[in-house]
Amino acid sequence: MTNMLSLRDFYGKTLVELGRSNKDVVALDCDLSGSTRTSMFAKEFPDRFFNMGVAEQDMMGTAAGLAAGGKIPFASTFAIFATGRAWEQIRQSIAYPDANVKIVASHGGITVGQDGPSHQAGEDISLMRSIPGMTVIVPADAHEAADAVRWAASHVGPVYIRLTRDKFPVVYDEKKTFAVGKSTSLKKGKDLTFVACGMLTYVALEAEKMLANDGISAGVIDMASIKPLDEQAVLDAAVETGAIVTAEEHSIIGGLGSAVAETVSEKHPVPVIRAGIPDTYLSSGTPEELMEAAHLTPKGLADCARRALALKKKK
Amino acid sequence: MKKTDNVSELAEIARQIRINVLKMIHLAASGHPGGSLSAVEILVSLYFSKMNHSPSHSKTDKRDKFVLSKGHGAPVLYSVLAKCGYFPEEELWTLRKFNSTLSGHPYAPSTPGVEITTGSLGQGLSQANGLALAGRLNKDDSIVYCLMGDGETQEGQIWEAAMTASHYKLGTMVAFIDNNELQIDGFVRDIMGIEPIAKKWEAFGWHVQEIDGHDFGAISSAIEKAKAEKERPSLIKCRTVKGKGVSFMENLAKWHGTAPNADELKKALAELGVA
Ligand SMILES: Cc1ncc(C[n+]2csc(CCOP(=O)(O)OP(=O)(O)O)c2C)c(N)n1
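Listed in order, the protein sequences are those of chains A and B.
Take 1 as the starting number for the first sequence in my numbering and just add one per residue.
Take 316 as the starting number for the second sequence in my numbering and just add one per residue.
Since the hints were made in silico from the structure, they are not lab data.
A couple of the hints might just be wrong.
[Stated by the list, open to error] Taking lysine-lysine and the DSS-like style, the derived pairs with C-alpha atoms no more than 27 Å apart in a straight line are:
id	chain 1	residue 1	chain 2	residue 2
1	B	Lys-569	A	Lys-23
2	B	Lys-412	B	Lys-398
3	B	Lys-542	B	Lys-374
4	B	Lys-374	B	Lys-338
5	A	Lys-209	A	Lys-187
6	B	Lys-412	B	Lys-454
7	A	Lys-23	B	Lys-545
8	B	Lys-545	B	Lys-412
9	B	Lys-454	A	Lys-43
10	A	Lys-23	B	Lys-484
11	B	Lys-545	B	Lys-582
12	B	Lys-412	A	Lys-43
13	B	Lys-515	B	Lys-545
14	B	Lys-338	B	Lys-412
15	B	Lys-582	B	Lys-569
16	A	Lys-299	A	Lys-312
17	B	Lys-582	A	Lys-23
18	B	Lys-542	B	Lys-454
19	A	Lys-23	B	Lys-540
20	B	Lys-317	B	Lys-484
21	B	Lys-484	B	Lys-377
[As the list claims (entries may be wrong)] Anything over 12 Å on all C-beta distances counts as not near chain A; from chain B, calculated:
id	residue
22	Val-459
23	His-482
24	Asp-527
25	Gly-532
Keep in mind that this is a model prediction, so the values were computed, not measured.
Backbone N, C-alpha and C fix where the C-beta goes; we use that ideal spot for every residue, glycine too.
Can you make the complete structure from the sequences, with help from the hints?
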């Protein structure tokens, strides 16, 4: 049985640790502190926690002001509301003046499940990635999430970290060091490479095993640092394996798949197949049903790998 | 930089600020004279009389802070900052030019003295609240001043921030509305009415005063009363005239965002006593 751990639990715990070691760390939330786990911080540091009510735009602006006043604000809510409702506040009040604000959003992607498309975020990576100066991180598991949060606190400048509602199978046994702009090669392959982020990193590892049974050798890269992207790792994969499948719990438009395709097409064109949420609104349902519908399963990724290989042969 | 409470000295500073506002917008051949001129007395009172601030303060020193939420008023802020010695007056003539330190709207990273980046309306009050909350955590009871346009208060985020300031009892918050009754497309009351302004802000938990925003004595005493209010944020609703000080610009929406040409500049400066 795979060990499952919650990214948001690890966020909550890590934020408390950071709060203990640095009194300038503060947290804000928009009436979802139980869900995002900033409630843990609120309990220990009530004076340094600001519940802003259901007002995401004001939260981002207030966080920017706290940063201008020397604090290190962590602002949390669901991914769709953080990046959608407050996109322009993030762009104008946070990223443009390089405010030291950390946006840590939970409930990214479709594993949000039953709440339905109104609460599923398939656009957040795209929205954040297009903002100059924004660092965008999508951790593969709870351990990587915890270290990304620690890194964000030590880095000066705006950061977006995307977490999820659901627990993820762990990819890393325990401590995992996050390095911005660097990916983690989890498996070397010869025929193609999966470049994945979030829970799809684990799914890609499962797909790799399926493909190995058919004699196909796939590499797997955990690309938690989506911006800045580890371009060298992407290009090495393109050169060494000649085909790439990107995998993410995000729209095929504008996310990791786009970032990889942009790099590959400009610097070393090889086939890139993007596995992700199709360009549509899905449905309510269990996370499993939704991931199945989006073909974000080991079998779905293995199918993408075969398509990539067919394209590679045609070249 | 010399501070003063003397009304005629402040009026003379205001006259010089108006001259520079017009010159810089003319040289830039774009910018916002109307809403810059309506706010001159408010900013002159703050920077030359009321605020604890100095160009020698570092980013971490205790000091009062000013947020120009209506960022298109940048020319008046820049003129005042230059006169205070934050940067040389010559820089004013680079307004809006490529790679100038004076961007079309206030940009904190490039302009000394600018505390908060604005330009997209409706976002300044939230940031001012953040500064006030940071001050509270730092045991620093410096005042955070924020200037909004009346049209700007049509933005929903202003009202989110109005709730926040009162919920968190931000007694160090002193906000102004530059109530010149005009926005771009015409009169505020015709575009999207915001009255009753005072009652709305009171209902949101603010201490509200209404004054003549061109009267230094009134501005000064309203600020003192606002500072004495420790439990509630304060709003000072300033009746102002858009384009104040230049007869042909006054009360005309047209001068919201139009630069004076050479003739117009000459006429305007003559009215301000420039031979
Ligand atoms: C979010 C946003 N929408 C639109 C604009 C364009 N704009 C600039 S000034 C202005 C009118 C502002 O009116 P008011 O706040 O009354 O300013 P004042 O009359 O004092 O200049 C508008 C719509 C903007 N800067 N930001």
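Now for the hints, and whether the structure bears them out:
1. Distance restraint check for B/Lys-569 and A/Lys-23: the Cα-Cα separation of roughly 50 Å exceeds the 27 Å cut-off, and the hinted pair is therefore not satisfied.
2. As the CA atoms of B/Lys-412 and B/Lys-398 are separated by approximately 20 Å, the hinted pair is consistent with the 27 Å bound.
3. Distance check on the hinted pair: B/Lys-542 and B/Lys-374 sit about 23 Å apart at the alpha-carbon level, within 27 Å; holds.
4. A hinted pair counts as satisfied when its Cα atoms are at most 27 Å apart, and B/Lys-374 with B/Lys-338 does not qualify at roughly 30 Å.
5. For the given pair, A/Lys-209 sits about 11 Å from A/Lys-187 by alpha-carbon distance, which is consistent with the 27 Å threshold.
6. At roughly 40 Å between alpha-carbon atoms, B/Lys-412 and B/Lys-454 are farther apart than 27 Å, so this suggested pair is violated.
7. At roughly 25 Å between alpha-carbon atoms, A/Lys-23 and B/Lys-545 fall within 27 Å of each other, so this suggested pair holds.
8. Restraint check: the Cα-Cα separation between B/Lys-545 and B/Lys-412 comes to about 42 Å, which exceeds 27 Å; the hinted pair is violated.
9. Distance hint between B/Lys-454 and A/Lys-43 is fulfilled; the C-alpha atoms sit about 21 Å from each other, no more than 27 Å.
10. Simply put, A/Lys-23 and B/Lys-484 have alpha-carbon atoms about 22 Å apart, close enough for the 27 Å limit, and the pair holds.
11. Between B/Lys-545 and B/Lys-582 the CA atoms are separated by roughly 46 Å; this puts the pair beyond 27 Å, and the hint is violated.
12. This hinted pair does not check out: B/Lys-412 and A/Lys-43 have alpha carbons roughly 50 Å apart, beyond 27 Å.
13. The suggested pairing of B/Lys-515 with B/Lys-545 holds, with an alpha-carbon distance near 20 Å, which does not exceed 27 Å.
14. About 14 Å separates the Cα atoms of B/Lys-338 and B/Lys-412, which keeps this hinted pair within 27 Å; it holds.
15. Taking the CA atoms of B/Lys-582 and B/Lys-569, the gap is about 17 Å. The hint holds against a cut of 27 Å.
16. Between the alpha carbons of A/Lys-299 and A/Lys-312 the distance comes to roughly 20 Å, so the proposed pair stays at or under 27 Å and holds.
17. Proximity of B/Lys-582 to A/Lys-23 is assessed by CA-CA distance (about 57 Å); at most 27 Å being required, the pair is judged violated.
18. A C-alpha spacing of about 16 Å is found between B/Lys-542 and B/Lys-454, which places the hinted pair at or below 27 Å, so the restraint holds.
19. A C-alpha spacing of about 33 Å is found between A/Lys-23 and B/Lys-540, which places the hinted pair above 27 Å, so the restraint is violated.
20. A C-alpha spacing of about 33 Å is found between B/Lys-317 and B/Lys-484, which places the hinted pair above 27 Å, so the restraint is violated.
21. Taking the CA atoms of B/Lys-484 and B/Lys-377, the gap is about 20 Å. The hint holds against a cut of 27 Å.
22. The Cβ of B/Val-459 sits about 8 Å from the closest Cβ of chain A, inside the 12 Å cut-off, so the non-interface label is violated.
23. With a least CB separation of 8 Å from chain A, B/His-482 falls inside the 12 Å interface cut-off, contrary to its annotation.
24. Distance check for B/Asp-527 against chain A: the nearest CB is about 30 Å away, which clears 12 Å, and the non-interface claim stands.
25. Taking the minimum C-beta to C-beta distance to chain A, about 31 Å, the non-interface status of B/Gly-532 holds against the 12 Å cut.
Of the numbered hints listed earlier, those contradicted by the structure are 1, 4, 6, 8, 11, 12, 17, 19, 20, 22, 23.
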